[in-house]
Amino acid sequence: MAMTQTRGRALLLTPAALWYAALLLLPLAVVLIFSFGERTPIGGYAPGFTLAQYANLPARMAAFRNTLTLAPVGTLAALLIAYPLAYFLAVRVSVRWKTLLLVLVIVPFWTSILIRSYAWIFLLGGKGLPALLASIGFEDIRLLNSPFAVLVGIVYGYLPLMVFPIYVALEKLDLRLLEAAADLGAPPWRSFVQITLPLSMPGVLTGSMLVFILLMGEFLIPAILGGGKVFFVGNALVDLFLQSRNWPFGSAVAVALVVIMLITVAIYTRVVKRYAAGRDDVAMM
Amino acid sequence: MKNDTTPISRTAFMEELRRYQKGSVTRRHFLGVTGLGTAMAVMGGALPGLLPTRARAQDIGDRVVLATWPNYHDPANFDAFAQQTGALTQVNVFGSNEEMLAKIQAGGSGWDVFVPTNYAIPTYVMADLIEPLDLSKIPNYDAAAFDQRFATAGTIDGKVYAVPKNWGTTGIAFNSTKTGGIVDSWKTFFDGARDKFDGRVMVHDYQLTTIGNALVYHGFSFNSVDPAELAEAEKLLIDVKPHLYAISSDYQPAMRNGDAWLTMCWTGDGKQMNVDMPEIGFALGKEGGEIWSDYYAIPKDAPHKDAAYALINYLLDPNVNATEALAHGYPVADSRTNALLPEALLNDPILYPAAGALDPLEFGAAVTLTDPNRAEVMARFKSA
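Respectively, the protein sequence lines represent chains A and B.
Position 73 of the first sequence, counting from 1, maps to 73 under my numbering, and the rest follow consecutively.
Position 176 of the second sequence, counting from 1, maps to 176 under my numbering, and the rest follow consecutively.
Be careful, since some hints might not be right.
[What the hints assert, rightly or not] Some chain A residues close to chain B (C-beta under 7 angstroms, calculated; not the full set):
| # | residue |
| --- | --- |
| 1 | ALA46 |
| 2 | ALA62 |
| 3 | ILE115 |
| 4 | ALA119 |
| 5 | LEU123 |
| 6 | GLY125 |
| 7 | ASN145 |
| 8 | GLY227 |
| 9 | GLY228 |
| 10 | PHE231 |
| 11 | ARG245 |
In case anyone wonders, no lab produced these hints; they're calculated from the structure.
Think of the CB as a built atom: it goes at the ideal place given N, C-alpha and C, for glycine as much as any other residue.
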């Protein structure tokens with residue numbers, strides 16, 4: 001009996017295991033091996049064992065700096081916009097409208113992010129918002145091809161990924177807790193800070209992590225809305241592999257990015273664990 | 001189009017959108033940022049069963065894969081080729097020679113014919129990625145009919161590895177209503193960017209032309225790989241960067257809607273913009289710049305070699321080549337084809353500039369494609 005169960009479990013896990021081995025671990029191993037190699041005179045990869053590629057990492061410092069600035073700022077901006085929206089959808093909207101509004105949040109996902117980012121070129125370009133601003137007296141405002149435009153683009157693109165985890169967390173919120181707090185004389189802001197916000201933290205943390213990880217690897221939105229002037233690690237990678245064909249250095253940059261992500265996820269996991277432990281204390285009281 | 005500050009009208013918006021669809025979705029930059037040669041226009045696709053089944057003199061298979069540049073062919077010719085031979089042309093569009101090389105270098109590209117630019121050909125030969133063409137299979141290629149300036153780069157060590165497709169230049173497109181006249185020097189281009197054209201100038205996201213023209217500004221060779229000269233060019237580019245509108249090879253939309261006034265520009269793009277908006281002109285930098293020639297070549301591992309030869313031969317038929325030129329607006333080096341083109345096109349100053357204007361221009365040199373310093377200068381410029 002136990003034997004069959006184990007075998008069944010192994011069988012069910014095989015596809016996932018093969019998938020990860022072939023499409024995640026193997027390519028990762030190749031990247032790691034390449035990162036110790038050398039570039040041939042015409043580009044590409046030549047076997048070798050050198051740390052030269054890693055020593056050269058400071059040459060892409062600006063890209064790492066841009067990414068490590070805009071990813072957290074973008075995540076925070078998305079959070080500040082998504083939270084009220086998720087709260088509204090989960091707590092305030094009547095059941096009749098809820099499904100429709102949730103679908104509306106998803107609808108943009110039906111179109112490719114590429115097309116939607118191109119649409120922002122129209123909105124932020126000279127004949128879009130700046131023209132409207134000029135008609136009410138704010139002349140010569142340029143929005144496109146700036147870090148601001150990139151920020152707008154990434155917040156817009158990743159907002160649904162932030163809204164849904166927070167929505168799910170708030171959906172389960174027991175409204176009787178808020179009523180009880182009100183009965184005991186707590187003003188609304190206090191019941192929000194002491195009850196709603198803590199109970200929605202798992203959603204906030206999940207959403208933030210999802211958005212942050214994706215932003216760290218982003219290259220499309222900076223290229224389109226930054227006019228090629230806002231350079232992320234993702235853009236550095238595209239150029240290294242497709243333009244200068246410096247595969248070993250590109251691999252070293254990729255490894256560095258993966259390491260930064262791993263450190264971030266490790267910190268995140270610790271924060272979540274500590275938070276969960278804190279919750280247990282509350283529950284016991 | 002005159003007033004930047006008026007919000008766009010509905011009809012103007014639709015016009016812009018159409019231009020945009022027509023002019024930019026397949027553009028070099030778009031391909032660059034998506035990182036893919038995968039913006040694939042599959043012409044006809046995977047249904048060979050629908051083809052006419054009449055007997056053919058020679059069976060070349062049912063498909064041929066062509067890797068080429070955006071807006072560079074007349075699709076009707078691919079249909080006609082399929083009618084004649086039974087082989088459907090599958091077109092992969094690319095953004096840069098570097099990207100094409102990266103794809104072939106990685107192996108298994110699956111291409112039968114591709115379109116390298118003059119300066120890339122020596123690298124393909126050196127890396128043993130292409131082999132000499134069997135000219136007996138391309139009877140439509142008559143070497144004597146081609147202007148030698150645009151044909152020699154295909155021949156290395158006396159062997160013909162590639163035959164000429166089109167040629168062109170990299171100059172300056174300017175919106176004359178904004179710039180107050182013609183801009184025909186890289187001096188005005190880069191100095192103006194930091195002065196009266198602040199925030200309105202675009203450079204290519206392409207090391208060859210962006211670094212090359214910055215070198216020309218300083219009076220150096222377009223092709224220099226001298227570290228001291230590259231350092232001068234880098235200093236200029238980094239100094240100019242905060243004043244640029246964008247670093248992008250997708251310059252048509254921004255030029256057309258008035259956001260950008262000045263850009264580095266390839267012949268065909270200059271012609272296309274000039275036709276739609278006469279106030280946008282095109283001039284060659286008088287200090288120099290790039291002249292280039294594209295070629296047809298066959299990768300060593302091409303899966304459908306017979307079809308590859310048949311397609312090249314078909315596209316080099318002067319009658320076919322003339323319809324191609326009418327569709328894409330790039331000059332042709334084949335005198336037989338030019339004899340079939342309208343006089344107005346042959347006298348067009350954008351397509352066929354006066355011989356004297358071409359004198360200071362330089363063909364890209366092979367070393368620029370692979371020089372690691374040029375790649376790093378570009379990376380530092382973009383991330384600065």
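Going down the list of hints, with the structure as the test:
no.	hint	in the structure
1	ALA46	12 angstroms, violated
2	ALA62	4 angstroms, holds
3	ILE115	9 angstroms, violated
4	ALA119	10 angstroms, violated
5	LEU123	11 angstroms, violated
6	GLY125	5 angstroms, holds
7	ASN145	5 angstroms, holds
8	GLY227	3 angstroms, holds
9	GLY228	3 angstroms, holds
10	PHE231	4 angstroms, holds
11	ARG245	5 angstroms, holds
Violation of the numbered hints given earlier is confined to hints 1, 3, 4, 5; the remaining hints are satisfied by the structure.
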